[in-house]
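Model the full assembly from the supplied sequences, consistent with the hints where possible.
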Amino acid sequence: MEDQRIVNNEDYAVVLIDGVCHLCQGLTQFIIRRDPAGAFRFASLQSEIGQELLRQGGFDGESTETMILIENGKYYTRSTGALRIARRLRFPWSLSYALILIPPVLRNLVYRWVAKNRYRWFGRSNECMVPTPEIRRRFLS
Numbered sequence: 399m400e401d402q403r404i405v406n407n408e409d410y411a412v413v414l415i416d417g418v419c420h421l422c423q424g425l426t427q428f429i430i431r432r433d434p435a436g437a438f439r440f441a442s443l444q445s446e447i448g449q450e451l452l453r454q455g456g457f458d459g460e461s462t463e464t465m466i467l468i469e470n471g472k473y474y475t476r477s478t479g480a481l482r483i484a485r486r487l488r489f490p491w492s493l494s495y496a497l498i499l500i501p502p503v504l505r506n507l508v509y510r511w512v513a514k515n516r517y518r519w520f521g522r523s524n525e526c527m528v529p530t531p532e533i534r535r536r537f538l539s
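Our numbering puts the first residue of the sequence shown at 399, with every later residue one more than the last.
Since the hints were derived computationally from the structure, they do not count as laboratory data.
As the structure is a computational prediction, the values presented were derived from the model and not from experiment.
Any given hint could be a false lead.
[Claimed, not checked] Pairwise CB distance ranges (calculated):
(1) Gln427 with Arg518: 31 to 41 Å
(2) Pro490 with Asp458: 11 to 21 Å
(3) Phe428 with Ala496: 12 to 22 Å
[Said to hold, decoys possible] 20 Å max Cα-Cα, derived DMTMM-like pairs, lysine to aspartate or glutamate:
(4) Lys472 with Asp458
(5) Lys514 with Asp458
(6) Lys514 with Glu469
(7) Lys472 with Glu450
(8) Lys514 with Glu463
All residues carry an ideal CB built from backbone N, CA and C; glycine is no exception.
Okay, structure coming up:
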């Protein structure tokens, strides 16, 4: 199955984002600019492939309150996923992985607070971001 190959791909990790969230769209662009090696691919949680990857990971199709990192077949959510992404970005962003030492319950309090307010603070679109042609290759269909 092609989707299983994507999940277990060792060449890159997959980041599932809320495709209509402006904060999530901005973070996707932030990651792409700081990941010249192309270690990450992206898909919207609302897309067909995003929904399939959610199901494979045991999530319901309504899981839009968190971004999800799929790395070597393992699913990471909330602050743990975000920090694992940061770890693979260019210096100095990789240094923020040290925050993993903070207990997850505390990290996720902040994560959930931002996630709960992201639409109010940053807005949302009626449809998912359309990537520019030069970064289109980083998005899963």
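Tested hints:
{"no.": "1", "hint": "Gln427 with Arg518: 31 to 41 Å", "in the structure": "21 Å, violated"}
{"no.": "2", "hint": "Pro490 with Asp458: 11 to 21 Å", "in the structure": "37 Å, violated"}
{"no.": "3", "hint": "Phe428 with Ala496: 12 to 22 Å", "in the structure": "19 Å, holds"}
{"no.": "4", "hint": "Lys472 with Asp458", "in the structure": "16 Å, holds"}
{"no.": "5", "hint": "Lys514 with Asp458", "in the structure": "18 Å, holds"}
{"no.": "6", "hint": "Lys514 with Glu469", "in the structure": "25 Å, violated"}
{"no.": "7", "hint": "Lys472 with Glu450", "in the structure": "15 Å, holds"}
{"no.": "8", "hint": "Lys514 with Glu463", "in the structure": "7 Å, holds"}
Comparing the model with each earlier hint shows violations of hints 1, 2 and 6; every other hint is respected.
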